[in-house]
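Working from the sequences, and respecting the hints, build out all of it.
Chains as they are written, first to last, in my numbering: chain A, 1 to 245; chain B, 1 to 184; chain C, 1 to 348.
Simulated from the structure, these hints should not be mistaken for lab results.
Just to be clear, a hint being listed does not mean it is correct.
What follows is a set of in silico ranges between Cβ atoms, one per label pair, in the way DEER data are often shown [as the list claims (entries may be wrong)]:
no., chain 1, residue 1, chain 2, residue 2, range
1, C, E311, A, G129, 36 to 44 Å
2, C, G198, A, I100, 29 to 37 Å
3, C, P39, A, L163, 24 to 32 Å
4, C, E184, A, A169, 24 to 32 Å
5, A, K7, C, E311, 51 to 59 Å
6, A, E168, B, E75, 51 to 59 Å
7, C, F224, A, K7, 48 to 56 Å
Keeping only pairs whose Cα atoms sit at most 30 Å apart, straight-line, the calculated DSSO-like set for lysine-lysine is [what the hints assert, rightly or not]:
no., chain 1, residue 1, chain 2, residue 2
8, C, K40, B, K152
9, A, K202, C, K200
10, B, K152, C, K36
11, A, K9, A, K202
12, C, K286, C, K200
13, C, K286, B, K159
14, B, K159, C, K36
15, C, K272, C, K218
16, A, K9, C, K40
17, A, K7, C, K291
18, A, K188, C, K190
19, C, K190, A, K189
20, C, K200, A, K196
21, B, K101, B, K119
22, C, K212, A, K7
23, C, K232, C, K291
24, A, K202, C, K36
25, C, K345, C, K314
26, A, K186, A, K244
27, A, K202, C, K40
28, A, K9, C, K286
29, A, K244, A, K202
30, A, K9, C, K200
All C-beta atoms in this analysis are idealised placements derived from N, C-alpha and C, irrespective of residue type, glycine included.
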Amino acid sequence: MAIVFQKPKALTDVPLHYCPGCTHGIIHRLVAEAIDELGVEGRTIGIAPVGCSVMAYDYFRCDMIEASHGRAPAVATGVKRSLPDRIVFTYQGDGDLASIGLCETVSTACRGENVTIIFINNAIYGMTGGQMAPTSLVGQVTQTSPYGRDAATQGLPIRICELLASLEAPAFLERVAVNGVANVRKAKKAIFNAFKCQVEGKGFSLVEVVSTCPTNWGLTPQKACEWVNEKMIPFYPLGNYRNKM
Amino acid sequence: MTYETIMAGFGGQGLLFSGKVLAYAGLLEGKELTWLPSYGPEMRGGTCNCSVILSDEPVGSPIIAHPNILMVMNEPSLDRFEGTAQAGATVFVDSSLIPRKLKRTDVTPVYIPATQMAKEMDALALANMIILGAIVEKIRCVRPETMVDALKHTISARKANLLDLNLKAVEEGARFIREKGGEE
Amino acid sequence: MKGNEAIAESAIRCGCRHYFGYPITPQTEIAAYMAKRMPKIGGTFLQAESEIAAINMVYGCASTGRRAMTSSSSPGISLKAEGISYLAGADLPALIVNVQRGGPGLGGIQPSQSDYFFMTRGPGHGDFHIIVLAPATVQEMADLTRLAFELADKYRMPAMLLADGTMGQMMEPVALPEEQIDPETIPVGKPWATRGTGLKREHNIVNSLYLKPDELEKTNIERFARYERLEKEECRWEEYLMDDAEICVVSVGITARVSKNAIVEARREGIKVGMIRPITLYPFPKAPFAKAAEKVRRFLTVELNMGQMNEDVKLAINCSRPVGMCNRVGGMIPSTDEVLAAIRKEAK
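Take a look at the structure:
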């Protein structure tokens with residue numbers, strides 16, 4: 001019997017722990033496919049964050065390092081400086097990358113460190129049970145913004161791609177979503193390009209994936225995908241923000 | 001014999017450097033030694049000092065409570081350190097910068113107008129080396145001829161062109177001792 | 001050579017080619033030295049955006065099996081505490097240099113030994129230790145740098161060189177080992193390192209997360225078994241004039257140097273005094289103290305803190321003898337005369 005569909009080689013057989021309807025699974029797959037297609041699994045080292053994807057180290061078949069909260073880009077820098085010919089990526093959520101680790105994110109981008117960052121923006125802290133993230137939208141109800149995010153006291157959400165696009169060093173910046181087939185296809189291409197950018201030695205690459213959190217948004221998986229279209233994408237426009245390839 | 005030298009003055013007078021040259025001369029002669037700077041805001045123009053110990057025995061503490069050689073290049077440093085010197089110590093005073101004489105009578109003063117002499121050499125920044133030359137000539141804590149190699153090793157590549165001028169300053173200080181003795 | 005420079009040069013000769021740091025007085029000479037040397041020998045000097053980033057770069061680099069290091073001074077070490085805990089939790093060898101200054105808070109920039117508790121009890125959250133070595137000469141700055149790397153690799157744990165500002169700033173003659181360790185040999189024999197699987201083995205994971213309590217307990221117990229071995233085999237100390245001593249001075253770093261001078265003076269006065277100078281602060285060398293307690297009447301710690309090592313001495317001798325203290329803090333260093341006065345008082 002012909003095999004028509006199978007797991008990417010760069011994923012292990014460990015069952016994912018993510019909630020139903022969470023898009024981490026899709027994004028893991030897209031990352032693994034990029035690794036497979038570039039044929040770099042044997043020389044790839046991944047850095048897992050603190051957040052829902054903390055156990056990503058069990059899911060990717062390449063060598064993995066678990067970083068402390070927000071420090072994955074610094075850890076990636078240490079690995080890359082030690083082994084410049086390896087492919088080094090981090091996989092980070094919005095709290096990890098855009099809040100506690102913002103300094104590391106910006107500084108690593110600023111240095112043009114030749115690593116790839118996969119940034120999952122679902123506008124909420126998932127693992128700790130649904131608190132406001134730096135990317136939560138104005139008016140969004142979370143555990144720590146129970147009356148909706150109030151711009152006057154809680155500030156406005158941060159747009160990472162636009163922020164990093166103000167720097168000269170980054171080589172590849174793109175924002176994608178995974179809430180429908182067409183968007184997933186574009187996301188796959190962007191993630192592939194980000195890794196390729198690193199393989200070719202072009203420098204810092206980051207893909208921001210607008211993602212969902214049905215559990216903490218209090219929506220069904222389908223409604224969550226619709227919410228991405230209605231609320232998230234208008235504030236976080238999809239598209240390429242830098243391409244030196 | 002143990003020589004415990006404190007060199008003190010303003011930041012920018014090259015006191016740490018002259019201390020290093022003396023320490024390096026000790027190293028070349030196989031002596032035990034320590035060099036300890038004051039550090040911090042002093043580097044930016046405040047008061048500054050360094051302690052150099054040269055000895056035939058292993059050096060215990062690098063901190064000098066009672067120096068037997070004292071070199072002072074401003075009045076606050078003389079005020080601060082005069083009282084700490086051992087009885088019988090030799091105190092080198094840059095008399096072009098410090099108008100007053102020593103209060104103590106149990107130490108040997110050497111008044112040397114080093115800054116004025118440096119000006120006349122058109123090398124204002126080398127007053128420290130003039131006094132160092134005087135110290136070595138008078139005390140013989142290291143051999144005067146060792147100073148050439150010590151300077152060669154200590155001077156940074158960036159300033160290598162100033163080697164000869166430094167050596168000349170050291171020699172000026174030595175000549176001052178030979179001709180005038182420095183004591184009053 | 002300055003103490004700080006001796007550390008840097010020694011690290012390079014130990015095969016360390018990766019330094020990550022952030023400027024802070026009084027250890028900046030280490031960074032400056034590395035910035036000059038590393039590019040010339042194919043190494044990495046990286047001035048990180050923060051102390052936190054620097055220690056995490058060390059974490060990443062150490063994960064690949066290399067000898068990586070960072071250096072800082074007290075307030076910076078507070079920031080590194082998180083990363084040190086992760087290094088310990090992931091069983092990674094690395095070198096951290098702490099050239100201590102006065103605290104708490106921003107404190108001052110003058111010498112201090114006030115991080116003694118913080119370092120020897122495990123500088124970070126969780127139940128762990130790091131190896132802590134305390135140099136008292138510039139020569140030891142170099143020698144203990146080597147020992148720190150060796151022990152870190154051997155026991156798979158972070159090691160710290162705990163100096164004080166004076167040790168970092170002072171110059172003394174130093175003989176560096178001619179032997180240069182080839183950095184490429186360092187990762188050999190580290191099968192746990194994350195260097196890419198090469199498709200030849202299962203993937204390695206460098207991690208400190210164990211969500212199952214029984215698994216986490218197991219890692220803690222295993223780690224402490226290693227610490228026990230460390231305590232048994234790696235304690236180092238120096239004894240000075242202890243043969244007939246009735247009073248035992250205990251001191252490290254710059255105050256051990258001052259104490260030596262005071263002991264020489266006291267001996268001239270006929271006081272039978274000696275010194276035990278711990279070189280490993282963790283593991284603390286308990287054996288010489290237990291032995292000394294059998295014959296000396298009193299102990300006297302001389303330290304630049306409010307009496308931190310004093311407690312370890314009391315523990316080491318089960319409080320079987322009085323343990324006095326001569327201390328200055330805030331960047332002050334007790335003079336030879338002050339230590340001598342304290343010795344005389346103990347001798348009465």
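*Between K9/A and K286/C, does the CA-CA distance stay at or below 30 Å?*
violated, 54 Å
_30 Å Cα cutoff - pair K7/A, K291/C_ = Violated: K7/A and K291/C sit about 65 Å apart, past 30 Å.
*Has the given pair, K186/A with K244/A, been kept, meaning a C-alpha gap of at most 30 Å?*
holds, 18 Å
*K9/A and K200/C: Cα distance at most 30 Å?*
holds, 14 Å
_Holds or violated: the 24 to 32 Å window for the beta-carbon distance between P39/C and L163/A?_
holds, 31 Å
*Hey, K9/A versus K202/A, does the alpha-carbon distance stay inside 30 Å?*
Since the Cα atoms of K9/A and K202/A sit roughly 26 Å apart, the hinted pair holds (cutoff 30 Å).
*Holds or violated: K244/A to K202/A, with C-alpha atoms at most 30 Å apart*: At roughly 7 Å apart (the allowed maximum being 30 Å), K202/A and K244/A satisfy the hint.
*With a cut-off of 30 Å on the C-alpha distance, tell me whether K212/C and K7/A pass.*
Given pair K212/C, K7/A holds - Cα atoms ~28 Å apart, limit 30 Å.
*Given the hint of 48 to 56 Å, check if F224/C and K7/A actually sit that far apart at their C-beta atoms.*
violated, 40 Å
*asked:* K345/C and K314/C were given as a pair; does the straight-line alpha-carbon distance stay at or below 30 Å?
replied: Distance of about 19 Å is within 30 Å: holds.
*Assess, step by step, whether the Cα of K286/C is no farther than 30 Å from the Cα of K200/C, and give holds or violated.*
violated, 46 Å
*Proposed proximity, K119/B with K101/B (alpha carbon, max 30 Å)*: Holds, at roughly 22 Å.
Violated hints, listed in ascending order, are 7, 12, 13, 15, 16, 17, 18, 19, 28; each of the other numbered hints is respected by the structure.
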